[in-house]
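Chains as they are written, first to last, in numbering that gives the first Met the number 0: chain A, 0 to 455; chain B, 0 to 282.
Treat each hint with caution, since some may be false.
With a cut-off of at most 27 Å between alpha-carbon atoms, the simulated DSS-like pairs for lysine-lysine come out as follows [as the list claims (entries may be wrong)]:
#1 B:Lys258 <-> B:Lys97
#2 B:Lys258 <-> A:Lys138
#3 A:Lys78 <-> A:Lys42
#4 A:Lys274 <-> B:Lys265
#5 A:Lys262 <-> B:Lys258
#6 B:Lys234 <-> A:Lys202
#7 A:Lys274 <-> B:Lys7
#8 B:Lys96 <-> A:Lys262
#9 B:Lys6 <-> B:Lys70
#10 A:Lys262 <-> A:Lys302
#11 B:Lys96 <-> B:Lys70
#12 B:Lys97 <-> B:Lys70
#13 A:Lys345 <-> A:Lys93
#14 B:Lys121 <-> B:Lys70
#15 A:Lys134 <-> A:Lys186
#16 A:Lys186 <-> B:Lys96
#17 B:Lys26 <-> A:Lys277
#18 A:Lys277 <-> B:Lys258
#19 A:Lys78 <-> A:Lys345
#20 B:Lys143 <-> B:Lys97
#21 A:Lys274 <-> B:Lys40
#22 B:Lys265 <-> A:Lys262
#23 B:Lys143 <-> A:Lys345
#24 B:Lys172 <-> B:Lys121
#25 A:Lys345 <-> B:Lys40
#26 A:Lys186 <-> A:Lys274
#27 A:Lys202 <-> B:Lys40
#28 A:Lys202 <-> A:Lys67
#29 B:Lys6 <-> A:Lys345
#30 B:Lys7 <-> B:Lys97
#31 B:Lys121 <-> A:Lys274
#32 B:Lys234 <-> A:Lys197
#33 B:Lys26 <-> A:Lys274
These are calculated hints, taken from the structure and not from any lab test.
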Amino acid sequence: MSLNRHPMPEQPVAERVQNFREVAVGYDAATAALEASRCLQCKTAPCRGGCPVEVDIPAFIHCIRDGKIGDAARKIKEKNNLPAVCGRVCPQEKQCESHCVLGKKGEAVAIGRLERYVADCDRATASSETPIIAKNGRKAAVIGAGPAGLTAAADLAMAGYDVTIFEALHRAGGVLIYGIPEFRLPKDIVAAEVEHIKSLGVKIITNAVVGKALSIDELFEQGYEAVFIGSGAGAPQFLGIPGENCNGVYSANEFLTRINLMKAYQFPEYNTPVKVGKIVAVVGGGNVAMDAARTSLRMGAEKVYLVYRRSEAEIPARHEEFEHAKAEGVICQFLMNPSRIIGDEKGWAQGLECQRMELGAADASGRRCAVEVPGSETILPVDTVVIAIGNTPNPLIPRTTPGLVVTRRGTIVVNERGETSRDGVYAGGDIVTGAATVISAMGAGKQAAKAICGLS
Amino acid sequence: MYQIVTKKTLSPGVQQMVVKAPMVARKAQPGEFIILRVDEKGERIPLTIADFDAAAGTITIIFQEVGAGTKALGRLAEGESILDFVGPLGNPTHVEKKQGTVVCVGGGIGVAPIFPIARGMKQAGNKVISIVGARNHDLLILEKEMQSASTELKITTDDGSYQRKGFVTDVLKELIAQGEPIAEVIAIGPVVMMRAVAEVTRPHGIKTIASLNPIMVDGTGMCGGCRVSIGTETKFACVDGPEFDAHQIDFAGLMARQKTYVDMEKTCDGAHTCHGGGTCSCH
Numbered sequence: 000m001s002l003n004r005h006p007m008p009e010q011p012v013a014e015r016v017q018n019f020r021e022v023a024v025g026y027d028a029a030t031a032a033l034e035a036s037r038c039l040q041c042k043t044a045p046c047r048g049g050c051p052v053e054v055d056i057p058a059f060i061h062c063i064r065d066g067k068i069g070d071a072a073r074k075i076k077e078k079n080n081l082p083a084v085c086g087r088v089c090p091q092e093k094q095c096e097s098h099c100v101l102g103k104k105g106e107a108v109a110i111g112r113l114e115r116y117v118a119d120c121d122r123a124t125a126s127s128e129t130p131i132i133a134k135n136g137r138k139a140a141v142i143g144a145g146p147a148g149l150t151a152a153a154d155l156a157m158a159g160y161d162v163t164i165f166e167a168l169h170r171a172g173g174v175l176i177y178g179i180p181e182f183r184l185p186k187d188i189v190a191a192e193v194e195h196i197k198s199l200g201v202k203i204i205t206n207a208v209v210g211k212a213l214s215i216d217e218l219f220e221q222g223y224e225a226v227f228i229g230s231g232a233g234a235p236q237f238l239g240i241p242g243e244n245c246n247g248v249y250s251a252n253e254f255l256t257r258i259n260l261m262k263a264y265q266f267p268e269y270n271t272p273v274k275v276g277k278i279v280a281v282v283g284g285g286n287v288a289m290d291a292a293r294t295s296l297r298m299g300a301e302k303v304y305l306v307y308r309r310s311e312a313e314i315p316a317r318h319e320e321f322e323h324a325k326a327e328g329v330i331c332q333f334l335m336n337p338s339r340i341i342g343d344e345k346g347w348a349q350g351l352e353c354q355r356m357e358l359g360a361a362d363a364s365g366r367r368c369a370v371e372v373p374g375s376e377t378i379l380p381v382d383t384v385v386i387a388i389g390n391t392p393n394p395l396i397p398r399t400t401p402g403l404v405v406t407r408r409g410t411i412v413v414n415e416r417g418e419t420s421r422d423g424v425y426a427g428g429d430i431v432t433g434a435a436t437v438i439s440a441m442g443a444g445k446q447a448a449k450a451i452c453g454l455s
Numbered sequence: 000m001y002q003i004v005t006k007k008t009l010s011p012g013v014q015q016m017v018v019k020a021p022m023v024a025r026k027a028q029p030g031e032f033i034i035l036r037v038d039e040k041g042e043r044i045p046l047t048i049a050d051f052d053a054a055a056g057t058i059t060i061i062f063q064e065v066g067a068g069t070k071a072l073g074r075l076a077e078g079e080s081i082l083d084f085v086g087p088l089g090n091p092t093h094v095e096k097k098q099g100t101v102v103c104v105g106g107g108i109g110v111a112p113i114f115p116i117a118r119g120m121k122q123a124g125n126k127v128i129s130i131v132g133a134r135n136h137d138l139l140i141l142e143k144e145m146q147s148a149s150t151e152l153k154i155t156t157d158d159g160s161y162q163r164k165g166f167v168t169d170v171l172k173e174l175i176a177q178g179e180p181i182a183e184v185i186a187i188g189p190v191v192m193m194r195a196v197a198e199v200t201r202p203h204g205i206k207t208i209a210s211l212n213p214i215m216v217d218g219t220g221m222c223g224g225c226r227v228s229i230g231t232e233t234k235f236a237c238v239d240g241p242e243f244d245a246h247q248i249d250f251a252g253l254m255a256r257q258k259t260y261v262d263m264e265k266t267c268d269g270a271h272t273c274h275g276g277g278t279c280s281c282h
């Protein structure tokens, strides 16, 4: 057996930076079967322990080996209602694959790629039948149609609940549609996964802002017995440096929402504009920063800097995203911390002043903190700056929900079952943890659904 | 889908629509705004609420056909529907009985959102003096409505084609000079007008509120596109506003940011007309 996993076929770099089509094109049947045959089918299945939603990984891989792709899809969907999404955006190398026994001597089984293969085949053949669900006569409300909310809603619907999702934007999907770019997660795939969840009987009301048009107390008055809050991380963080309100300075949320949700990359056919200049600096080192940097290249930027205040070793982004960004020509500026955005006389950004940094001792998160080197200012000549340093929780719901306890940072406090300080109100995902991953939000949605059903 | 119940042209290029949106109407208050999207390819357009009727489940919007989005909206007929319509967003105006006169200043299309505020202030027992400005008589909107919503209504036109020739600030200066006991001034209109109002009241220490309508996408605090400097802080107009202390607003920064997409609007639209009804300097 090969110690190496089968490589993922990709669009060539020179081609892909010119388009928004998916970079990774996916395994074919033969490659998937070969990769599946690498799985040792460990009885203890350590990989499952690394999956926040506990997919029975050896079982679905076994089905692939036997050529029973429909069975593989059913096996995955017992636990995961967004497999085509997870196969693409989960940080598998930190989760399931990090527990794979093969990883000790060689490369772990490419679990994420196999999951994606199964989900894509399943969607193409429309083999996935809707299960017959016995209704339990109870109503549950879910706030936010992102990964946490969609997962909670699907699990509740499968348990017999009459579920309604209230979504503030005009389309369901949350970060999967406004944040993650088309070239990493095609929007028709998200739409198909949302359709699957609707086929379970889940109703989705878009353009409904809970905290403004509706309060949680009103949802209870309307007969909902449980409310799950999965409203996401919400508000973008800025650097708090001079010049940040210059034209050409975007939060990653705004930049990506314009391009992904509003399709500014198809302007003027789609009416929403975005301004991507010749030289872009993206500030941050997470997946969102990688997405913004790679999006900038595709929008025609000649040069894209990734400005990160720590070193390459501390980059929090998923390995594949960082590698893709580098391969596509993103220029990394490590140990650089922005201190000022310089504007021209009309208020447009024309430079990003940065301080050199040195690594100091490890901080609470275990990453080494960065310390400024005095007198080390350098100016990057850029006309667009995208700030991708994270989000803070959106205060709309806590503000309008008396008795809902939040932390000093504004995240909602829950116990291990996902219960908040209010009876019948549950929460999960970024609104609880602060910005994290799609799969951890899904895990939290699943946990809360279990608790609502009285199973945890 | 959100049906257009009635549609009326108020002045050249300015349309009024009453839209069926029960969930929004149920909660709407003066000072709040909505965001709409005409069709699948449309922008999300923020518009301050011009009126609301919870019983009928309707929201009234008034808009100027300036960009591709508002022009597409203007092409919709009575009975047709808007694809997306979300709200109410932002914080409502503090409508209450004040210690003194409330002066409501509306310029151009800004008269639309000032109307429910003036009405609310009058209903709360205040003496309301409204000052409404337009470039010319043809562009004046909601005169009758403002008359009924105000204790006194004063009208100015830039060219003198109707009532007093001049600017809203001329009238405001006179009121102050005459010793009108003004508790609060609320100004909505082109940014230059709101800035001018703030400069008139600043030396007198009169509390002045301006309602901002900057570039925004989601309207719920997620994008930060609508950020504006208020004193030493950066605020989001969508969740922290849209009303702010006019003496603290960085109007120059706001105007610069509003010009971000001017050239692209031309690409999209063929011709750009200014958002402030021609009275601003955004061309």
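Discussion item. Let me make sure I understand: some of the numbered hints might not hold for this structure. Which ones are they, in numerical order?
Written reply: Those not satisfied are hints 1, 2, 6, 7, 8, 11, 12, 13, 14, 15, 16, 17, 19, 23, 25, 28, 29, 30, 31, 32, 33.
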